[in-house]
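Going line by line, the protein sequences match chains L and B.
Just so you know, we're using our numbering here: the first sequence kicks off at 1 and counts up by one.
Just so you know, we're using our numbering here: the second sequence kicks off at 1 and counts up by one.
Computed Cβ-Cβ distance ranges for the label pairs, DEER-style:
#, chain 1, residue 1, chain 2, residue 2, range
1, L, E18, B, Q364, 37 to 43 angstroms
2, B, R16, L, E18, 22 to 28 angstroms
3, L, Q138, B, K162, 55 to 61 angstroms
4, L, S45, B, R16, 41 to 47 angstroms
If the Cβ cut is set under 8 angstroms, some of the chain B residues that face chain L in the computed set are:
#, residue
5, K351
6, G359
7, M402
Calculated from the structure, these hints are not laboratory results.
We treat Cβ as the ideally placed atom computed from N, Cα and C, and that holds for glycine.
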Amino acid sequence: MTIEDIQNEIIDEFSMFEDWEERYQYMIDLGKDLPLINDQYKTESNIIKGCQSKVWVHAEMKDDKIEFTADSDAIITKGIIAILIRAFSNQHPKDIIDANTDFIDKIGLKEHLSPTRANGLVSMIKQLKMYAIAYQTQLK
Amino acid sequence: MFKVHDIRKDFPILSRKVNGKPLVYFDNAATSQTPQQVIDVIVDYYSNYNANIHRGVHTLSQEATDLYEQARQKIQAHFNAKFSHEIILTSGTTHSINLVANGFSSILKKDDEIIVSALEHHSNIVPWQMLCERTGATLKVIPMNQEGELVMTEYDNLLSEKTKLVFVNHISNALGTINPIESIIEKAHKIGAAVLIDGAQSCPHIKPDVQKLDVDFYVASAHKMCGPTGVGMLYGKEEWLNKLPPYQGGGEMIAEVTFEKTTYAALPHKFEAGTPNICGGIAFGAAIDYMNTIGFDVIASYEHDLLDYATKKLLEIDGLKIYGTSKNKTSVISFNLKGIHPYDVGTILDKLGIAVRTGHHCAQPIMDYFKIPGTVRASFSFYNTKSEIDILVEGVKKAKMMLS
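Please model the entire structure based on the sequences and the hints provided.
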């Protein structure tokens with residue numbers, strides 16, 4: 001599936017929730033369920049320090065596609081990471097570079113991607129794109 | 001008789017909604033809300049008096065200058081400074097601290113020592129570290145205990161003839177602890193060291209008497225005490241302010257300027273370069289009037305009631321731990337739920353219309369001491385109510401249910 005297809009799928013899923021509590025409970029459960037990163041990659045060099053929560057990101061190239069793994073010490077942040085990873089992982093670098101994150105607005109989680117929120121997510125998205133640019137350069 | 005529901009009518013923001021719920025504002029330690037009486041003064045200033053001060057011969061300039069200087073006198077009276085020129089109007093506590101730290105660059109020498117407390121806000125740590133880098137002086141730290149109180153026997157050990165300056169906050173922003181500043185000042189003075197007290201967190205709750213305290217420098221921000229942001233004050237004893245060099249150069253702060261030499265203006269103008277926050281200063285005076293009309297004794301006793309009530313109610317929640325358990329504290333509760341990140345709790349509370357602060361509260365050394373990433377901090381003001389605390393308690397229970 002393309003990034004856009006996945007994003008539309010996520011928007012569809014979220015449209016079934018009736019209020020913020022259901023949306024958040026779903027996100028919290030996503031955060032709880034997934035082992036998002038291998039412990040060996042939870043290193044100081046993979047850390048993005050937000051003022052509020054920490055985020056770890058690791059990227060690997062597999063068959064011309066980038067596989068992202070990530071984690072956070074805050075569960076709501078982790079839930080949003082799970083959603084972002086689902087959209088961006090296992091995609092070609094160029095598609096990741098071109099993709100946007102408007103779907104986060106559409107599922108009612110816009111405030112979490114505010115640059116002033118200091119939860120590490122904005123830097124994380126920037127980091128995903130940086131990895132994509134770096135791998136794209138390698139491919140050429 | 002203190003009637004909180006009448007008081008609340010003074011604050012227009014308290015009737016707004018957040019995320020569809022009535023706002024419960026418990027982030028007062030970050031910034032307090034502004035009463036209509038202060039908002040009116042701001043509107044009145046820009047509607048009727050707006051002009052640059054201290055140099056115009058025209059009527060508007062004279063009237064604006066009078067209002068600004070009256071505000072300085074109100075601040076002087078409030079803090080009981082001996083002279084109004086001992087009150088320097090600044091952009092806030094951080095500016096005030098930097099002004100003093102910069103001044104001490106020319107006084108401190110290598111191997112001098114300055115003492116800070118473990119309970120400080122970053123703004124009362126970093127300027128002094130920068131001062132140490134510039135001068136070669138050494139920074140010493142008064143440690144804290146599990147209750148979030150300063151270990152005073154260690155303070156005694158740190159004091160020596162090398163100590164030139166001690167700076168401690170009156171009240172910790174992260175934990176609410178009221179520090180024993182009377183004894184800190186007295187002991188520092190015995191060995192000839194100067195003392196700066198950061199009053200950013202105390203001034204919303206306490207009316208400090210700088211002469212009685214015999215403190216050398218006392219700093220505060222208007223926006224924590226019902227005034228606007230971007231204005232604050234530095235009190236300094238006259239002899240100290242005369243000793244310190246100017247901080248910034250510019251208009252207003254000079255007596256005479258030639259390209260060979262400039263002589264500086266007398267106090268307080270020596271430290272007030274450029275056009276100040278005129279409206280802010282006047283509104284700061286109005287905020288002090290407002291709080292004094294209610295009365296600081298009344299405020300302190302009401303807020304203490306709120307603190308006791310909230311502490312008792314919150315501790316009934318299983319797995320909730322309060323950081324900062326000194327008997328001597330103001331209406332600030334820093335807490336965590338076991339195994340749950342403070343950011344998550346704060347996010348859920350926001351959805352319920354409850355404004356709290358989460359994170360390290362610009363006091364990372366305190367968080368490191370407790371080995372936590374941060375806390376949820378609820379801070380209460382005299383316009384808060386017990387029914388709002390009930391809403392907070394229910395909100396925390398809901399957050400716990402959703403997150404665990």
